[in-house]
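Chemist: Let's have the full structure, built from the sequences with the hints guiding it.
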Amino acid sequence: MDAIAVTDLTKRYDEVLAVDAISFSAPHGATVGLLGGNGAGKTTTIAMMLGLLVPTGGGIRILGHDMAKDRFAALGRMNFSSPYIALPSRLTVAENLRVYGHLYNVQGTERRIAELAAELDLENLLDRPAGHLSAGQKTRVALAKALINRPDVLLLDEPTASLDPDTGDLVRTWLERYRAQSGCTILLASHNMAEVERMCSEVLMMKQGRIVDRGSPAALLERYGRDDMEEVFLDIARNRQHPGAG
Amino acid sequence: MIASLRRIWGLVYRHIALYRRSWPRLLELAYWPVLNMCIWGFTASFLTGRLGGTAMLAGAAIMGGVLLWEVTLRGQMGMAISFLEEIWSRNLGHVFVSPLRPWELIAALLAMSVLRMLAGVVPAVLLAWAAFQFNLFSLGLPLALFVMNMIAMGWWVALGVVSLILRHGAGAEPLAWGVLFGLAPFAAVFYPVSVLPAAVQPIALALPAAHVFEGMRGILLDGSVSAYHLAAATGLNVLWLGAASALFAYQFHQARVRGALLSIGE
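Chains U and W, in that order, give the protein sequences. For the first sequence, my numbering puts the final residue at 1497, and the numbers step up evenly by one. For the second sequence, my numbering puts the final residue at 270, and the numbers step up evenly by one.
For the record, the hints were derived by calculation from the structure and aren't laboratory data.
Simulated coverage check for chain W against chain U, where a stretch passes if three residues somewhere in it have a Cβ under 8 angstroms from a Cβ of chain U:
#1 15 to 24
#2 84 to 95
#3 101 to 107
#4 254 to 262
Glycine included, C-beta positions come from ideal geometry on N, C-alpha and C.
Modeler: What follows is the structure, given as structure tokens:
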């Protein structure tokens, strides 16, 4: 059974079709990329997978649970990170992680916080208010929050946005290591094509609410006759012919 | 059940962590109740000094009214503002993608409502006793029922406010502070319901607070406990809480349909 199975997922806001009957799946331990320009439907798709948004049609099964009927069973084994959703800025890093340790019913919360602090180099930040951290430090804290419950499915919305290349690389390396060790399934929405090429075993290209192409980064590069994913992205976004195709 | 309690505690801990580091926030909790008690306590003292025994009873009814109304007010604000704190910190997205059930969110908000109410009202009760010789506990055992009914009224009003925030976003925020002041004239805090024009008396009698205050005045002025008013207040609270819970559940679902949970503070 796949960790994520999305079937004919649709979201309509009045006249606007934000997500148009998309279907995809992700096996356990895979990292799947969700690519597309602004307004392509990536965030809407993730929001529906997290239960924040009720689909107009279609279905989502995560870890065998139907998200329409039994989302809380899945949510306890999932987690999410986005630079666009903050943690309470006046709470310290440790307090924030403790809150989410309780919300996810993590056994041995303090031990888990210490583990994450050591792994993500947060030990010196634990007693600092989250609002006083730099963008890179906040991203590492958000990642610690996303991993507090050792999730089996991790949804990441632009996890390295606004990070310098060094911090971005550290985050990617850490995510790859966590996936390799835990067998976690990752769905990654990103505008960073190098990141997608490096981390994802499969990429879903979205445009105007639809999945317009899919495949491994290598397969997409070959299909479009390009050397990097950025060119593939531009080909799709601008309806360009596949110069290397055929 | 233990997992539920942990999740509820997680949210309560989040607010306690916020307050224990911020003395202005703690001070603000008690500021208005104490200030209000000062104003009405001095007014009652003045009336008692000028008019004697009858005014003393009226003064006690006024101070009892002030304190019990603060229970509703602080209870309502405690719940609504705790919810707003999540919006202001742009944290709702993280909270709602956790396994926290909506009823656990409400339970955590109720717990915060009680804690914030106690932090605000207890200093005012002590002030009334120390400075104005009014002992709220002189109401006896019915006081427990009065307090429970008053805070329950605060809860359903707050649930209504939270529902409106879910529906209308930040535009509905001012209701968290102002909505109960709009109900105050009908709540018969300082005067009996019979003083109101006949046309608005049904509105007053639909509010649990009016029955609590009628009951309180009965004890203070006549020494009689009205089972009718206590039962009416409790029954009305059950009805209003049921209606407000249904409204919250509906608006929460609608917010998920519209995708408002992520953009609610904008």
